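In order, the protein sequences belong to chains U and X. Its first residue numbered 1, the first sequence is counted upward by one per residue in this note's numbering. Its first residue numbered 1001, the second sequence is counted upward by one per residue in this note's numbering.
Hints may contain errors.
Each pair of labels, with its calculated beta carbon distance range [claimed, not checked]: (1) Lys-1244/X to Glu-67/U: 47 to 57 Å; (2) Lys-1149/X to Glu-67/U: 52 to 62 Å; (3) Leu-1079/X to Arg-222/U: 29 to 39 Å; (4) Ser-113/U to Lys-1149/X: 23 to 33 Å; (5) Gly-130/U to Tyr-1011/X: 26 to 36 Å; (6) Gln-126/U to Ile-1026/X: 52 to 62 Å; (7) Leu-1072/X to Gln-165/U: 43 to 53 Å; (8) Arg-1158/X to Ser-46/U: 52 to 62 Å; (9) Trp-1087/X to Glu-224/U: 33 to 43 Å; (10) Lys-1149/X to Glu-238/U: 31 to 41 Å; (11) Ser-133/U to Glu-1247/X: 58 to 68 Å; (12) Gln-165/U to Arg-1158/X: 49 to 59 Å.
Rather than coming from a laboratory, the hints here were simulated on the basis of the structure. What you are looking at is a predicted structure, and each value in this text was computed from that prediction instead of being measured. Ideal Cβ positions, reconstructed from N, Cα and C, are used throughout, including at glycine.
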Amino acid sequence: MLYEALQVKNLTKEFKGVRGQSALKVYEKFSLSIPENQVTCIMGPSGCGKTTFLNIVSGLLRPDAGELKGFAGKTVSYLFQEPRLLPWRTVWQNVDFVIKDIYPKKQRAEIVSKYLKMVGLSDFSQYWPGKLSGGMKQRVSIARAFVFPSDLLLMDEPFKGLDLQLKISLLDSFAALWQQDLRTVIFVTHDMDEALYLGDNIYVLSGLPAKINKSLPVTIPRGERRYGEGKLKELREELLAGLCCGQEQPCALARAIS
Amino acid sequence: MKHFISKDKLYTLGAVLCLLILWEIISKIVGAGILVPRPAETWQELVQIIRSENFWPAVIGTTTRSLIGFGLTLFTAVLFAVMAGLWKPLYYLLSPLVVITKAAPPISIILLALIWLGTEKAPVLVGFLVIFPIIYTNIIAGVDNVDPKLIELAAMYRIRRLRKLSEIYLPSIMPYVLAACSTALGLNLRVVIMAEVLSQPPISMGTSLQSARIFLNTAGVFAWTVVAIALAALFDFSVSSLRKKLEVWR
Ligand SMILES: Nc1ncnc2c1ncn2[C@@H]1O[C@H](COP(=O)(O)OP(=O)(O)OP(=O)(O)O)[C@@H](O)[C@H]1O
Ligand SMILES: [Mg+2]
């Protein structure tokens, strides 16, 4: 099947240095295409510019130069790297917050309770965010990003800080939801298994300014993927090589951990 | 929890008792009611004052002046702070004025207000000039401290302007407004009474304090002071219960 693609072309972004520090060129003539109706994963070492990329794509940050093709006019759900909940609104109200202007009250109630159930927080709907654990806050922000009907869904390490069982259950819920509307998704993660489980394409960035170090399509149908197992294991080797290349030593440590 | 609160109250009660005993001892040592009246004398005077026909009119008059002034100040301070937050030139225009009124001795403000206005209105103006800078600067600090990440969030999810105001800006600023209110309300009452002492409206707490002093009725001065403290405590209690109600999420 042929997909339309959103294009990022010749992106350049530099952060001005403060107090005599030299400026930091995060992107220079960087190009990437994001196929519509697919899940594009972005991986790479901490500080290589993944969040910056999402901020630019979402329109929160202006690039110094470059072109964003196909992004104009699209509605965006952005699951930020930190939960960003309103501390004076309950869990329920925080999720409801983003769809208040969109749906009538009754429909909203159904949607909110459905998604809170999905992230396992039905019993905590009346809690204040200050009374939740880090992972619970993270799940509220997942629910909030999912309820918002957008063309584009940006996720910045959404499943960090969650236990494996909960993570897999959320990955499955996400896959099922995604199947319903085939949203265009950009998914930033440090976890290879997550990327392999959900992604259609995986890009590994590295360096400053960032370059695409490795591009890995995952063609195994989602229904046949098993988290961290089977055919995904072979791809994992390849991805690991991509994540570690550019280093003198073959990544013995990373291998040992995996 | 309940247990600790009652223990807390017990300590406060003990402290008040100590203070009363100390007061009694000092008045014994001084030995002149005209300098330091005894607690019992003050109590008798207090009862007498409360029974007098001018008591409630005086208290209500002063309270009204104080609250009108406070309400007026709160309204204008919020208005100006929000406008200054949105429009920088106004902020720069106001900042020297705020610095000046903050630095000016209250007594200069009282004297000027007396020159400009009548005896009834002067105390209100004094209160305004003294507490406006406090409330205004607090709200400005609140506006500056609205989390830009939440503003980004609202922009991302296309939240309408009015909801952004009522669900993000207002709750962010509220703690600052309430903190300012709890300082300003008591301070306002004190400067209003001070201004009344000098401006002498026909019936007011300040006027009563001054006439007690003129008649060398020191117990009366003490008693009116007790009334003023009680009133301030009532104000403080109202603000802190409002605070508890509005900040359940903390
Ligand atoms: N607002 C900013 N001002 C200055 N420098 C910034 C700013 N935002 C990011 N940077 C710098 O840009 C680089 C990339 O940051 P970014 O947050 O995009 O990294 P990341 O890939 O998301 O890392 P992580 O995996 O740790 O989240 C970092 O070196 C960071 O210091
Ligand atoms: Mg990041």
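Against the structure, the hints:
In this structure the hint that Lys-1244/X and Glu-67/U lie 47 to 57 Å apart at CB holds, the actual value being about 54 Å. In this structure the hint that Lys-1149/X and Glu-67/U lie 52 to 62 Å apart at CB is violated, the actual value being about 27 Å. Separation of Leu-1079/X from Arg-222/U is about 57 Å and departs from the stated range, judged on CB atoms against 29 to 39 Å. The beta-carbon spacing between Ser-113/U and Lys-1149/X, approximately 27 Å, falls within the hinted interval of 23 to 33 Å.
For the hinted restraint 26 to 36 Å between Gly-130/U and Tyr-1011/X, the CB-CB distance of approximately 29 Å keeps it satisfied. Remark: the range hint 52 to 62 Å for Gln-126/U to Ile-1026/X is upheld by a beta-carbon distance near 55 Å. A beta carbon spacing of about 60 Å between Leu-1072/X and Gln-165/U contradicts the range 43 to 53 Å that was offered as a hint. In this structure the hint that Arg-1158/X and Ser-46/U lie 52 to 62 Å apart at CB is violated, the actual value being about 31 Å.
Between Trp-1087/X and Glu-224/U the CB atoms are about 60 Å apart, so this pair departs from the stated range of 33 to 43 Å. For Lys-1149/X and Glu-238/U, the hinted distance range of 31 to 41 Å is satisfied, since their beta carbons lie about 37 Å from each other. At about 22 Å, the beta-carbon gap between Ser-133/U and Glu-1247/X misses the expected band of 58 to 68 Å. For Gln-165/U paired with Arg-1158/X, a C-beta distance near 35 Å fails the hint of 49 to 59 Å.
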